[in-house]
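*Asks:* For reference, the chains in residue letters:
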Amino acid sequence: MIAATGPRIVIRSREDFMVGVARAIAGALIFSLPMIMTMEMWQLGFVMDPLRLGLLLLVVVPALVGLSRYGGFRSTVCLRDDIADALVGVAVAFVTALSILWVFGQLTGEMSTREMVGKVALQMVPGSIGALLAQNQLGGGKGKEKRRKSNPSYWGELFLMGVGAVFLSLNIAPTEEVELIAYSMSPFQQVILIVASLILMHAFVYLVEFQGSHSRKPEETFWGVFLRFTVAGYAVVLMVSLFLLWVFARTDENGLQIILIMAVVLSFPGAIGAAVARLAL
Amino acid sequence: MNDNKPDNDSEELLGIGTSPLEWVFASFGGVLVVAIIGYLLYSNFTRPPGIPNLIVEQTETQKVDAGFVVIAHVYNKGDAAAAGVVISAELRDGETVLEESEATLDYVPQQSQRRVGLQFTRAPAEHQLQIRVQSFTRP
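Protein sequence lines correspond, in order, to chains A and W.
Counting along the first sequence from 1, when you hit position 36 you're at 39 in the working numbering, and nothing is skipped either side.
Counting along the second sequence from 1, when you hit position 23 you're at 35 in the working numbering, and nothing is skipped either side.
Rather than coming from a laboratory, the hints here were simulated on the basis of the structure.
These numbers were taken from a predicted model, which means no experiment stands behind them.
To give a feel for the contact side, a few chain A residues facing chain W, derived at Cβ under 8 Å:
1) Ile14
2) Gln46
3) Leu61
4) Val91
5) Ser115
6) Val120
In this text, a Cβ means the ideal position worked out from N, Cα and C, and glycines have one as well.
If we strip away everything but chain A, and leave its shape as in the complex, we get (with noise of 0.2 Å):
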């Protein structure tokens, strides 16, 4: 990877690093707060199956790797890097989650380690990815530390629309309403919801100029687009949703149909967080 043409690396100072961790731990705030202040997340650290928590975690780092691949902490060198900058969002999403937890007087001596680890694990999953993404988007990056310009290939695409998808959705798919909805929701209202996710997930790359919104290059037409793009990342995100569902067990008393009826309203969330991710990283 290193080039013969004299490119150097240096090593980041120890003040750089810091302000790095600082912005580690915004990140972690503000895209854990609504999920540590709310009940329910808090249930599930214990009302979870320990080994489902315990994939989610394992899912989570090479999601991270993945992300500090496309934008995080530094212009990263090469995969060994990624994976420092993945593990230091998770040591700073737990010190984040464990300190606002026990704040809240959520962590107490009449609660088993159990219970407590659950807790603390489960909001590690958006702090650390919170982390990572405020390295990336709040970043100032003054001289040398400017961020690179992401360029990812086509699977690095999908992959981002997989993040984004469970950034949005990892709050919701534990909720009762995702059921309730699948259940009040008409065929043709089904349908519906599943045409308005695809335009919605296009529309914002392509068609709403955001900033960072793609445009199809002149060989390119729009179905093929919209094919490679729009639909392959929908189907990510319902094996997104689906496996969701799973890891809070969603899926373990319903009939494949509510399931798949439940996946496709969790991918509405999941179809805009996708759209976003491809706009934001």
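Given the structure of chain A, go ahead and fit chain W onto it with the hints provided.
*Replies:* For chain W alone, coordinates are given in the frame of chain A:
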């Protein structure tokens, strides 16, 4: 991966390396992930999900303006969380029920405890107090 191209204003810069301090933070994060996942696995296999096992104990009684409050501790010694736990109490004189009181706890997690307050107008110490777990649901 062609996303490591340096920006125009830092032509010679390939990237920012990882400092020893950052590795300290990163190692802490790595240890945390391994420890938490390890703990969750451990707790799943040593205490596989079972059913809630609830017991209730009276701890103290305090005089308040409207009568007396009995503070009771509810323990869940089982390996599953209980939701909507209803604690009912009766103040009796032999066969006669003088007063009834009831409290509901949203959740009592496994291996944890919660407190409830049960209020009476008569002094519980002068009668017989019976507190029991009446019902719960699974979350």
